[in-house]
Amino acid sequence: MEPVYLPEVRQTTELRKYTYPYEYYVAGPSRVTAEDGIHRCVHCETSGLDENYTYCPNCGAIACDSHIKTERLEGEPVCTGCAVTERFALKTKYFYDEENLDAFREEYAAMPLHEKAMENKPLAVGGVITALVLFIAALTTAGVI
Numbered sequence: 001m002e003p004v005y006l007p008e009v010r011q012t013t014e015l016r017k018y019t020y021p022y023e024y025y026v027a028g029p030s031r032v033t034a035e036d037g038i039h040r041c042v043h044c045e046t047s048g049l050d051e052n053y054t055y056c057p058n059c060g061a062i063a064c065d066s067h068i069k070t071e072r073l074e075g076e077p078v079c080t081g082c083a084v085t086e087r088f089a090l091k092t093k094y095f096y097d098e099e100n101l102d103a104f105r106e107e108y109a110a111m112p113l114h115e116k117a118m119e120n121k122p123l124a125v126g127g128v129i130t131a132l133v134l135f136i137a138a139l140t141t142a143g144v145i
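Heads up: the sequence shown at position 79 corresponds to 79 in this note's numbering, and the numbers run straight through without jumps.
Derived by calculation from the structure, the hints in this document are not laboratory data.
Quick caveat: nothing in here was measured; it's all calculated off a predicted structure.
What you were told as hints is all true, and nothing was included just to trick you.
The calculated SDA-like cross-link candidates involving lysine to any residue, where the alpha carbons are at most 25 angstroms apart (straight line), are:
no., residue 1, residue 2
1, 17, 101
2, 17, 51
3, 121, 110
4, 121, 86
5, 17, 70
6, 121, 90
7, 69, 15
8, 69, 99
9, 116, 102
10, 69, 50
11, 121, 108
12, 69, 103
13, 91, 103
14, 17, 100
15, 69, 108
16, 17, 84
17, 69, 55
18, 116, 99
19, 116, 92
20, 69, 126
21, 91, 70
22, 91, 53
23, 91, 117
24, 17, 48
25, 69, 86
26, 121, 85
27, 116, 70
28, 91, 81
29, 69, 20
30, 91, 121
31, 91, 124
32, 121, 89
33, 91, 128
34, 116, 84
35, 121, 106
36, 116, 128
37, 69, 46
38, 121, 136
Based on the provided sequences and hints, a complete structural model is requested.
Written out as structure tokens, the structure reads:
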């Protein structure tokens, strides 16, 4: 029996306020991972290669799908840990910072009513369906239909 030397490599990646360890053993072109801080959500500790993770450019977090939202003003990913939130049309919107929130408040105030309603599409669709049902019920009650 002949002993085999396997180099142990430990690296640390720092992204803004988060640090991600990654440790593995190397044997030629292959490697075995011992610790993987990259494929782990910083908010809920979900881990594994079969999950999807997204980098939050606002704070440096790597988060799972349930902790990443789309920033309303810029359309980029933002994690729920650092996002500034406010409700518009009964739906929570996520922003990088107070400055983006204030800019969207001004934009929202200038929107016509139908555009404001489209900030929460399920609510808008439900409102239209309810109005149609009530209209048909009123016509039926009046004997028109």
